[in-house]
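J.: For the protein sequence lines, the chains are A and B, in the order given. For the numbering used here, add 112 to where a residue sits in the first sequence, where the first one is 1. For the numbering used here, add 61 to where a residue sits in the second sequence, where the first one is 1.
To be clear, the hints were calculated from the coordinates, so they are not data collected in a lab. The beta carbon of each residue, even a glycine, is placed where N, CA and C say it ideally should be. Take the hints with a grain of salt, since some may be wrong.
Just a sample of chain A residues kept apart from chain B, beta carbon distances all over 12 angstroms, derived [as the list claims (entries may be wrong)]:
1. G118
2. A148
3. L151
4. G180
5. A242
6. L246
7. G266
8. T273
9. F306
10. S338
11. S396
12. P397
13. E402
14. F454
15. L462
Derived CB-CB ranges, DEER-like [stated by the list, open to error]:
16. Y431(A) with V342(B): 29 to 37 angstroms
17. G393(A) with S476(B): 20 to 28 angstroms
18. L450(A) with G323(B): 37 to 45 angstroms
19. R575(B) with S464(A): 22 to 30 angstroms
20. A557(B) with W238(A): 52 to 60 angstroms
21. A557(B) with H236(A): 48 to 56 angstroms
22. S423(B) with H236(A): 41 to 49 angstroms
23. A557(B) with Q230(A): 18 to 26 angstroms
Think about it this way: if two alpha-carbon atoms lie no more than 30 angstroms apart in a straight line, the pair counts; the simulated DSS-like pairs of lysine-lysine are [said to hold, decoys possible]:
24. K339(A) with K225(A)
25. K561(B) with K225(A)
26. K119(B) with K260(B)
27. K561(B) with K265(A)
28. K339(A) with K161(A)
29. K137(B) with K125(B)
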Amino acid sequence: MGRLYGMRGWIILGAGAFSAFVVFPFFNLVVPAGHALHLSNFWVTLAGKIMCYAIVAVALDLVWGYAGILSLGHGLFFALGGYAMGMYLMRQIGREGQYQSELPDFMVFLDWKEFPWQWWMTDHFWWAAALIVLVPGVLAFVFGFFAFRSRVKGVYFSIITQALTFAAMLLFFRNNTGFGGNNGFTDFKRIIGFAITTPQTRMALFAITAFTLLATLLLARWVVTSKFGRVLAAIRDAETRVMFCGYDPVHYKVAVFTASAVLCGIAGALYVPQVGIINPGEMSPANSIEIAIWVAVGGRGTLVGPLLGAGLVNGAKSYFTQAFPEYWLYFLGLIFILVTLFLPRGVLGLLSRK
Amino acid sequence: MFSGGTRAAAAIVSAALFLFCAPAALALDRAAVESLAFGEGDERLAAIAALVAEGDPKALVVLKALAQGEMQTSGKRVFIVRGDKAVDPFTGAESALPADREDVVANNRLRATVADALAVLNLFSPERAARLASARVLAEGADAALYPLIEKALSKEKDAEIRGLLEITAAGMQLKAESRDVRLAAIRTLGRTSNPNSKTLLLELVADADPDIRREARMSLDAVEKRLAWGEWLGLAFAGISLGSILLLAALGLAITYGLMGVINMAHGELIMIGAYATYVVQNAFRGSALFDWYLAAAVPAAFIVSGLVGIALERTVIRWLYGRPLETLLATWGLSLILIQTVRTLFGAQNVQVENPSFMSGGIQVLSNVVLPWSRIYIVLFVALVLVGMWLLLSRTRLGLFIRGVTQNRAMASCVGVPTSRVDMWAFGLGSGIAGLAGCALSQLGNVGPELGQGYIVDSFLVVVFGGVGQLAGTVYAALVLGFANKLLESWSGAVLAKIAVLVFIIVFIQRRPQGLFALRGRVTD
């Protein structure tokens, strides 16, 4: 335990866990609605959504902060996890859709008579759960293996991951791909038998997300403090020398890239039932670049920083897009510029300046 | 649409033949016009025939008004609407529009007959353009009963192009003739054309009862198909060159800023967008003036200068602090691109703006009957070639070009021999941005101009530069053309979106096999 965090770190984590598992449920469920201290579902959903983003930010920090690989395709893995979960949620709607058919509404609309092959077994939760892990994992493994074996790195890697997510977005926009085209999936009714909009289900999803975030943080911390993590950092700082020492960087990079993609997939799967929609817009290159800025704002290579960064940027986004929608892009653009110019170590670097 | 009824067509023929035999100038037939306006069904078709027979130019005016829905009635009065005036078709007198007016309704059959009648009448017009247009309409397929008129027009026609079209029309009509020799001759005539309609006509005859007809039709069909296939290939090749040239123009600026200077400029697309908006502003300044067709002459330098200045401003304020840190540059320039998009949105609105082509860029040249090359695309290909030559001259023949190459190859050494590297960076970045502005000016002539215009090109242009090999202008040119062709070729059998995906996946795989791009610079540098 001492290897992961010091006393102060554990106390902060404990406080986070306490607020997620006790404070939030108490003020949302126990304190009656209408009471001044009642925490509305809006805030629970918003906090849950931001925690999903935080998982993605921590996952990206693993590859960018520690292995020096800036992936601009992490939004794709997030969306794939979301789509896997979305398929299951669509099957859970059953015959309650607008057309009262076994098939989702968009398939009825396209005049399809049966589920295409991609939807095989998606009415079973365990299979959906497997897809959530396997699809991003396998894609990242194959893509990473070939890219790292050919020693594609730096900006080249960023650009081809961006091309990958762009290609996937185009693919998912097509109706014939079988995932609802432009509109994606929405109008979910229930998850594993529970109605999806009740406060209890929402709180359960929130708690699961909080747990996943904490687990991700501890796991990532455990990875980067292990020998494996040391080698990763060495690869980031001097890849050639690591090779000359007899390590094969490819294995390390592929492993961390795949693990990071799986974490993103899980985050996406938690995101979809809380937000209630998934569409190909999640795969747009712009979304993936935004993930990088969460990491940069918080301070890369710190794990906790990106978590903070995701919270700050998305908190600001929720506020700005409500209060001054026309200024949000100026603000986001300025964050990008100012952080890279003046805060290379992020907010965390600012706090711990010695 | 020209199935106006054989009987009506026959009536037109007889009427028109009468007209050309007896050119007696009669007054416009009031009964015919009234039955056209108030009659029913066949009565109206007969009225059209009667009007054709009139030979009065006023009849042509009446038929045109009917075709364009400008004919109205009020009580028993028939008139033609011209702006806010009612024109009497018989006297030409103008009066105010009556309040209780009603449209003369024309059903599809009537419209088709009117169109045929107008086309036939126009075949005898003294103006070549009018005759050509009619011949084109009739060549698309016309009622066989019109044959005698076509023959008559052919006997008088001198112009080769119109004759050609009329011969196709005549041959198409004669395919169903009684005499076998006439039919064979018609099939041979069609075999010499390269018109998709000939193919349709011949396809029907391949299964004819007569073996000679079958054989002849098969031979002619093969000839036509071969020529059509040539046309398709030609069209495809041109589409490939056109797309390739656009990709090249979009990527050329990036080849300087990224390829030569190593700056990842994610705001490159926005510099393209700014060039397009500069064109829009210049176009607005020229609107309504007699020189509107020449606005591009001002817009091209304006786009170059505006985008170039914005680029220099970005370089001086943000990018120069980040040289040597490519990933940070990427994020900072992405931030710049967001700010530029929002600024343009604030200034010009989130909606697309309209950039009009000058008149010499609209339309196209018809190379084969199934290939039309749009002028706008032809000019853009030429424009890209000019820009390319200009850039090559600048890089290889001027002092700035020498400095840019020197700084690219060895910054420290260039600095040692007195090259002001920082200022060279600035000018090189301005040059790359200015070329992005030129790309925007060209793109504004092809499609919509909106704040998100640049976003669509950024991934493409980076891929072109990376595919061609960083630091290589020649590589960029080949890469753009190869990708343009590949995209269009795939598009022709898999649809646009799948083609795009296939090209992206191809580049991803290609870069993994050959990370240095198509053409690698030989060097001994390692990192």
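J.: Could you run down the list of hints and mark each one as holding or not?
T.: Here is how each hint holds up against the structure:
1. G118: Its Cβ never comes within 12 angstroms of chain B, the nearest being 30 angstroms, so this holds.
2. A148: Given that every Cβ of chain B is farther than 12 angstroms from that of A148(A), nearest at about 38 angstroms, it holds.
3. L151: holds (33 angstroms)
4. G180: violated (9 angstroms)
5. A242: holds (25 angstroms)
6. L246: Holds: least Cβ distance 21 angstroms, greater than 12 angstroms.
7. G266: At roughly 6 angstroms from the nearest Cβ of chain B, G266(A) sits no farther out than 12 angstroms, so the non-interface label is violated.
8. T273: T273(A) is in fact no farther than 12 angstroms from some Cβ atom of chain B, at 9 angstroms.
9. F306: holds (38 angstroms)
10. S338: Consistent with the label, S338(A) stays out of reach of chain B, its closest Cβ about 25 angstroms off (over 12 angstroms).
11. S396: violated (9 angstroms)
12. P397: violated (6 angstroms)
13. E402: Its Cβ does come within 12 angstroms of chain B, the nearest being 9 angstroms, so this is violated.
14. F454: It is violated; F454(A) is separated from chain B by about 10 angstroms at its closest Cβ, not greater than 12 angstroms.
15. L462: Its Cβ never comes within 12 angstroms of chain B, the nearest being 17 angstroms, so this holds.
16. Y431(A) with V342(B): 29 to 37 angstroms: holds (35 angstroms)
17. G393(A) with S476(B): 20 to 28 angstroms: violated (46 angstroms)
18. L450(A) with G323(B): 37 to 45 angstroms: With Cβ atoms ~23 angstroms apart, the hint is violated.
19. R575(B) with S464(A): 22 to 30 angstroms: Check failed, 44 angstroms falls outside 22 to 30 angstroms.
20. A557(B) with W238(A): 52 to 60 angstroms: violated (39 angstroms)
21. A557(B) with H236(A): 48 to 56 angstroms: violated (37 angstroms)
22. S423(B) with H236(A): 41 to 49 angstroms: violated (59 angstroms)
23. A557(B) with Q230(A): 18 to 26 angstroms: holds (22 angstroms)
24. K339(A) with K225(A): violated (54 angstroms)
25. K561(B) with K225(A): Judged against 30 angstroms, a Cα distance of about 29 angstroms means the pair holds.
26. K119(B) with K260(B): With a Cα-Cα distance of about 39 angstroms, the restraint between K119(B) and K260(B) is violated, given a limit of 30 angstroms.
27. K561(B) with K265(A): At roughly 24 angstroms apart (the allowed maximum being 30 angstroms), K265(A) and K561(B) satisfy the hint.
28. K339(A) with K161(A): violated (33 angstroms)
29. K137(B) with K125(B): holds (21 angstroms)
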